[in-house]
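**Student:** The residues making up each chain are set out below.
There are 4 protein chains.
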Amino acid sequence: MLKMNTPAPELSIFAWINTQAPLTLAELKGRVVVIHAFQMLCPGCVSHGLPQASAIHAAFPPSELAVIGIHTVFEHHAVMNANALRAFVHEYKIAFPIGIDTPDAVNGIPITMQSYGMRGTPSLIVLDRLGMVRLHHFGRLDDLRLGALIGQLLVESAVPKEQKIEAIQELRSGENCNTESCQIT
Amino acid sequence: MLKMNTPAPELSIFAWINTQAPLTLAELKGRVVVIHAFQMLCPGCVSHGLPQASAIHAAFPPSELAVIGIHTVFEHHAVMNANALRAFVHEYKIAFPIGIDTPDAVNGIPITMQSYGMRGTPSLIVLDRLGMVRLHHFGRLDDLRLGALIGQLLVESAVPKEQKIEAIQELRSGENCNTESCQIT
Amino acid sequence: MLKMNTPAPELSIFAWINTQAPLTLAELKGRVVVIHAFQMLCPGCVSHGLPQASAIHAAFPPSELAVIGIHTVFEHHAVMNANALRAFVHEYKIAFPIGIDTPDAVNGIPITMQSYGMRGTPSLIVLDRLGMVRLHHFGRLDDLRLGALIGQLLVESAVPKEQKIEAIQELRSGENCNTESCQIT
Amino acid sequence: MLKMNTPAPELSIFAWINTQAPLTLAELKGRVVVIHAFQMLCPGCVSHGLPQASAIHAAFPPSELAVIGIHTVFEHHAVMNANALRAFVHEYKIAFPIGIDTPDAVNGIPITMQSYGMRGTPSLIVLDRLGMVRLHHFGRLDDLRLGALIGQLLVESAVPKEQKIEAIQELRSGENCNTESCQIT
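Residue numbers (the numbering used here), protein chains in the order written: chain A, 18 to 202; chain B, 18 to 202; chain C, 18 to 202; chain D, 18 to 202.
A hint or two may mislead.
Identical copies go unnamed one by one, so any copy, or any two together, can satisfy a pair.
Here are the simulated SDA-like cross-link-like pairs (lysine to any residue), alpha carbons at most 25 Å apart as the crow flies [as the list claims (entries may be wrong)]:
| id | residue 1 | residue 2 |
| --- | --- | --- |
| 1 | Lys110 | Arg157 |
| 2 | Lys20 | Ile201 |
| 3 | Lys110 | Asn22 |
| 4 | Lys110 | Gly125 |
| 5 | Lys110 | Ser132 |
Honestly, the hints are just simulated from the structure, not real lab data.
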């Protein structure tokens with residue numbers, strides 16, 4: 018897994034939904050970035066992770082915070098394709114930009130998922146305004162703790178690096194595709 | 018829509034999941050039958066209808082009551098195919114038998130959906146032990162009212178036809194693909 | 018505890034709320050009766066039992082089914098008095114009749130609670146149209162199973178006694194005042 | 018109502034529960050303080066406000082953040098007395114300190130409620146580490162927004178006053194004692 022407080026690697030995205038131009042983390046510097054990695058057939062993503070990401074997208078001004086979904090397909094590749102995802106995004110009325118993680122034909126785990134060392138879906142990655150990884154969480158995270166981290170990062174712009182308070186720790190781990198998450202096995 | 022208290026037309030099923038042999042309504046006579054018609058990308062089906070069907074499947078003895086899911090795809094046909102449905106059923110751990118409604122190449126609405134006059138998904142059809150339609154509901158129906166109908170039908174076997182109490186009326190209607198349902202337009 | 022399928026003892030009520038004249042089970046014969054025994058400071062009663070009783074009261078016609086709440090105070094007697102209950106019923110907008118179980122100065126458990134052998138709150142007692150006890154449940158009972166029993170009893174009027182199907186069994190037990198229930202100790 | 022970013026007036030507390038010594042805001046300087054004003058018979062307080070306060074109490078270290086409940090009784094005074102509150106706190110297993118707002122015999126609205134200009138219950142007051150009022154909210158506030166404010170305030174200690182970002186605005190208002198809140202009329 019990525020180390021905390023290190024620069025987030027650039028996303029590797031095959032195609033985008035809900036955005037006219039491709040997004041890069043480089044361009045988003047200056048904003049807090051909340052990345053929600055999901056699969057459209059992951060029950061915990063559908064029931065909790067995506068609604069939470071939509072709530073964040075609605076609660077905070079886009080000039081201060083960007084929400085990005087990444088479709089990180091590591092199982093059932095044939096049926097969770099781009100067209101299926103577009104239908105899913107349409108039916109679930111998801112409004113924030115979603116990138117399709119670039120497939121890796123060799124091992125089945127897509128490129129961004131690999132470079133971030135994600136353990137499965139849902140995964141939540143939060144970057145500060147400097148593009149540093151401040152949260153890397155697998156499974157469900159409650160709104161109160163996630164909100165506290167976001168609030169902390171929103172006011173951090175003027176705070177010098179050495180005063181940075183440690184981000185919220187990884188709080189719990191999941192098992193393979195229960196109601197909350199799907200884990201790489 | 019089908020008339021209440023008339024015989025339910027036989028299902029037209031392209032392929033079955035979660036059952037070794039194909040099911041027919043003819044064979045299920047003698048049992049109460051709860052049919053949940055859904056689409057895997059219909060949000061109201063995923064959040065409410067399918068969990069309710071699973072709860073019914075768990076609560077009542079299979080010798081007395083059969084739960085059947087029918088995948089009635091009337092939109093996004095290409096991505097809600099049989100393989101996608103199999104992955105969905107696996108990830109959501111659905112245990113009751115599911116039939117794929119036979120596609121109709123001409124108008125896009127599958128055969129069983131047509132013969133029952135369903136308005137969209139989720140739709141709930143309940144048959145009594147004699148195979149008569151006793152509920153035909155589009156959208157969400159609460160557990161209390163649905164449970165009451167099931168309880169009524171479970172004890173009805175010995176009751177002569179002419180004493181049958183009217184089934185619970187159609188309670189509400191839906192609009193096109195909101196959080197609760199997807200309607201044919 | 019009362020035996021199933023035996024006549025329910027008459028209620029012993031100190032005072033009534035939400036009804037102009039006192040109610041008796043004798044007068045309610047011919048209707049299904051759902052009795053919800055609660056305490057206003059029992060968390061499981063407030064979060065689950067009373068909303069369920071209100072939903073039953075709203076779902077079924079009063080000519081066929083009567084909902085009665087009974088305030089069975091077995092702890093904190095001084096603060097769960099009649100005036101406190103009236104304020105509670107007002108603030109929670111409870112619409113069905115509520116009887117205050119007659120206190121027993123000797124052992125602290127009120128009279129109706131004793132005669133029914135209730136184990137704590139919430140307790141759910143369901144009587145058929147003949148006034149027989151068909152459910153005696155301590156703790157939480159889901160809407161689906163409770164609805165099924167109600168549906169069964171609603172159509173039972175014309176069914177001779179000997180064909181009566183056994184009521185739903187006692188499904189689970191509780192512990193002393195957790196989030197779901199408060200038990201007599 | 019109190020102006021934002023002004024010093025919070027000292028609490029006027031008649032008696033304390035869940036704390037050995039009386040608390041003062043003066044002593045709590047240096048910590049973020051979350052004050053939840055409630056009434057034990059206010060449905061929105063019981064279903065949402067108090068569980069949220071308990072979640073905050075569990076999520077953040079007491080050395081950094083203090084949660085205080087204040088019982089601000091402005092109706093049904095006779096039945097929401099100190100003994101009733103103690104039974105309520107016991108049954109609902111509330112763990113954080115609760116102060117009983119000092120009654121005002123003249124107008125029925127207790128002293129702290131008056132001095133803070135609260136509009137009803139639940140009310141949420143949040144103070145920064147300097148003791149300044151940073152949120153004054155009547156009714157329900159979601160965990161995400163409240164968490165964001167808490168996160169902001171937790172890192173604010175080293176930030177000079179003039180850089181303080183405006184607290185989250187008053188987000189919605191309530192009506193008199195619906196499921197969410199009870200308003201002074």
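**Student:** I'd like to know which numbered hints this structure contradicts. Please list them from smallest to largest.
**Tutor:** 3, 5
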